[in-house]
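If you read the sequences in order, they're chains A and B. All residue numbers for the first sequence refer to my numbering, where the first residue is 647 and numbers rise by one. All residue numbers for the second sequence refer to my numbering, where the first residue is 647 and numbers rise by one.
The set of hints was computed from the structure by calculation and includes no laboratory data. Don't take each hint at face value.
Intra- or inter-copy, both count: the list cannot distinguish identical chains.
Said to hold, decoys possible - With a straight-line cut-off of 25 Å between C-alpha atoms, the simulated DMTMM-like cross-links for lysine to aspartate or glutamate are:
| hint | residue 1 | residue 2 |
| --- | --- | --- |
| 1 | Lys733 | Glu755 |
| 2 | Lys723 | Glu757 |
| 3 | Lys753 | Asp780 |
| 4 | Lys814 | Glu803 |
| 5 | Lys814 | Glu941 |
| 6 | Lys814 | Asp800 |
| 7 | Lys753 | Asp720 |
| 8 | Lys985 | Glu844 |
| 9 | Lys929 | Glu734 |
| 10 | Lys1013 | Asp1000 |
| 11 | Lys985 | Asp816 |
| 12 | Lys814 | Glu976 |
Here the structure is a predicted model, which is why all the values come from computation and not from measurement.
Protein chains: 2
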Amino acid sequence: MKVIVLGADGYLGWPLALRLSARGHEVVGVDNLFTRTTVENSGSSSAIPIPPPESRIEAARNIHGFDIKFIKEDITKPGFLRELIEKEKPDAVVDFAEQRSAPYSMKGENEKVHTIVNNLVGTIRLIEAVKSVDPSIHILKMGTMGEYGTPNFDIPESPFVQAIIGGKQDRIITPKKAGSIYHYSKVFDTYIFLFENEVSNITATDIMQGPVYGTRTSEIIHESLHTRFDFDETWGTVVNRFCVEAVIGTPLTPYGKGGQTRGFLSLEDSMEALTLLLENPPKPGEYRVANQFTEIYSIRQIADMVKNAAEALGLKVSIQQVENPRIEAEQHYYNPEIKLLPSLGFKPKRRMEDELKSMIKDLLPYKERISQYSHVILPKTKWRTKR
Amino acid sequence: MKVIVLGADGYLGWPLALRLSARGHEVVGVDNLFTRTTVENSGSSSAIPIPPPESRIEAARNIHGFDIKFIKEDITKPGFLRELIEKEKPDAVVDFAEQRSAPYSMKGENEKVHTIVNNLVGTIRLIEAVKSVDPSIHILKMGTMGEYGTPNFDIPESPFVQAIIGGKQDRIITPKKAGSIYHYSKVFDTYIFLFENEVSNITATDIMQGPVYGTRTSEIIHESLHTRFDFDETWGTVVNRFCVEAVIGTPLTPYGKGGQTRGFLSLEDSMEALTLLLENPPKPGEYRVANQFTEIYSIRQIADMVKNAAEALGLKVSIQQVENPRIEAEQHYYNPEIKLLPSLGFKPKRRMEDELKSMIKDLLPYKERISQYSHVILPKTKWRTKR
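Modelling step: build the complete structure from the supplied sequences, incorporating the hints.
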């Protein structure tokens, strides 16, 4: 199988390029290095240092014998994706090439505009490129469980759902309620995909993924192969951020009451799930949804687990709740359905409790390095505008 | 009251600038002339000739004594709206400055990108500008009844609705299902407004308007004051298009079975409704929805009414169904709620049956002119991509 991975320099994109190569697939990676350069320019850095793209690809060749092709380009550039897909004729295109930080999308007008434009223009150009070549090319689109918000109903794993409104029944698009401009850009992606599937029979898997944590996959066996690991207020996600806080000896900082509950999965399990979905594509013209996570926890439970894992390794850890910069429910019902991945034989390999220890061990050698950046961890970007 | 009208050169924007002036309000109009220039560049034209913006404003001054300020600018230009709103400190901003053609948005990749970028970037910049000056400035946002699609439930006039999903009840965003990239851009506007209302207490009226028809308002009493009147496949809406077809003696062309049912209103009633909503603003921080139409008809009923009106004026008219270029239900349930406008004292002044005659009379003097453009009427833009 030939797969184009858009966003191949990212936290998930790079390990996926490795995993697909390990499975014998041909990989063409594309990235404009937006996350890499924006994180550095904002005064933060990946906790675990990562080599430049070319060196990492060279390392993958030397260590694993993988032949990963890489193109540095912006997928929103007119004509680029059309020419690439025309030339490569891939079996699948993985779209991870989106601005992926909720706090970034809430910093101000220009970041809101950039998030919406980058993400939606990329989506439109990708769909049109695929349509013009062959609508049966499988597009694996990275959405987020965050598109659903935290509803009182059980979150279905389906683009449509039956609903009763004012006593009348109808089939509606599965309700969405996002919590940031970033999350809305993902909701809008979903609507555009659904619509284009209806009018042009594009073939897509819409992955509604929960937050991913972890430093390693089976292919990341040497420091020259590491994937980025963000921990600052803008680019870090909660589990990774807590692990960094434990390592550098600052308190773990849950936002608000910490009752926010989400479905999580390890980097290794994310790679496993993505590979299964690519190797078992939908039928041509089918649009399928995959809710993708392995364990459900509240933020407070995660803080406790990170504390326990770190203390077992001899670290001293405290937990200090901070004011929630976001607008979100801090106590809520949460019951998402998950059927597609199990039906394809997916079995989670890692449990958060165990994985946290190996993450902390991986981070400990970089304690000095990370400590220089400790000022970028606490949240400064507030959802609610103060006038 | 001081009102900034974005899109003041358009079919609705210009009559609204006139109506607000007639009511004694101060009007600042803004337009980048996108519709005007794009229609001309596509080889079509307004059926009723319209003077350049400056001449029309001059005519409004000479005939009515109105002092309308006009700025030719693109509202997506960084900093423009912020400076304008800072300087003018308006009581309300009316946002009609969006790409408003569904067929245009379905022509191809670049038109899809343009529609999404223009409409959403304008929305974001407007909201951020208003927030930075005063979130209690009333934003009157033009949405469309088309955001709802044609659901089997009664369309509520509310941003949220109670729904039962899988046996569990929740308050969800009123379900949307749009029929084109243009319509989705309007849905996305709505989501962004709702979200920014939640996080920043912006004050908005979201008008879900049905298709508007008509040539005249109380202020359009001379040809130098005419508003544009589009009839081609891209820019014309159904009632106006049928009237032009009747005038030039080509068959009226309903798309498909013609059972598509919508809520319509006259240009005069649209102006009446918009003025009422502006003069009776929501409370600061409130987000309210107005479903805006006066009569519900199917496309086939409208064709019959136009035929009758034209025949009463001595014209010969036939009806010839054409293949539907769109993807839409041609027979469906349709029952939208309408409460807000009646609660403000809105009473429709025109009925379609009567208005059609005066429209046809207004168009007859331009029969020769319009006949030159008869080739632009039949639909060429297909929703479903042919490969």
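Here's how the hints hold up against the structure:
1. With identical chains, the CA atoms of Lys733 and Glu755 are at most 25 Å apart between copies only, with a shortest distance of 19 Å across copies and 37 Å within one.
2. Both within a single protomer and between protomers do Lys723 and Glu757 lie at most 25 Å apart by alpha-carbon distance, with minima of 19 Å and 15 Å respectively.
3. With identical chains, the CA atoms of Lys753 and Asp780 are at most 25 Å apart between copies only, with a shortest distance of 19 Å across copies and 39 Å within one.
4. In this homomeric assembly, Lys814 and Glu803 come within 25 Å of each other (Cα to Cα) both inside a single copy, at 23 Å, and across copies, at 16 Å.
5. In the homo-oligomer, the alpha carbons of Lys814 and Glu941 lie at most 25 Å apart only across protomers (23 Å), although the nearest pairing inside one protomer, at 35 Å, exceeds that limit.
6. In this assembly of identical chains, Lys814 and Asp800 lie within 25 Å of each other by CA distance both inside one copy and across copies; the values are 20 Å within and 8 Å between.
7. In this assembly of identical chains, the alpha carbons of Lys753 and Asp720 lie at most 25 Å apart whether taken from the same copy (22 Å) or from different copies (24 Å).
8. In the homo-oligomer, the alpha carbons of Lys985 and Glu844 lie at most 25 Å apart inside one protomer (23 Å), although the nearest pairing across protomers, at 33 Å, exceeds that limit.
9. When the C-alpha separation of Lys929 and Glu734 is checked against a cutoff of 25 Å, the pair qualifies only within one copy, where the shortest distance is 21 Å, while the shortest distance between copies is 56 Å.
10. Proximity of Lys1013 to Asp1000 under the C-alpha cut-off of 25 Å is restricted to the intra-copy arrangement: shortest distance 21 Å within a copy versus 79 Å between copies.
11. Within a single copy, Lys985 and Asp816 get their C-alpha atoms as close as 23 Å, and across copies as close as 23 Å, so both meet the 25 Å cut-off.
12. For the homomeric pair Lys814 and Glu976, the shortest alpha-carbon distance between copies (20 Å) is at most 25 Å, but the shortest distance inside one copy (32 Å) is not.
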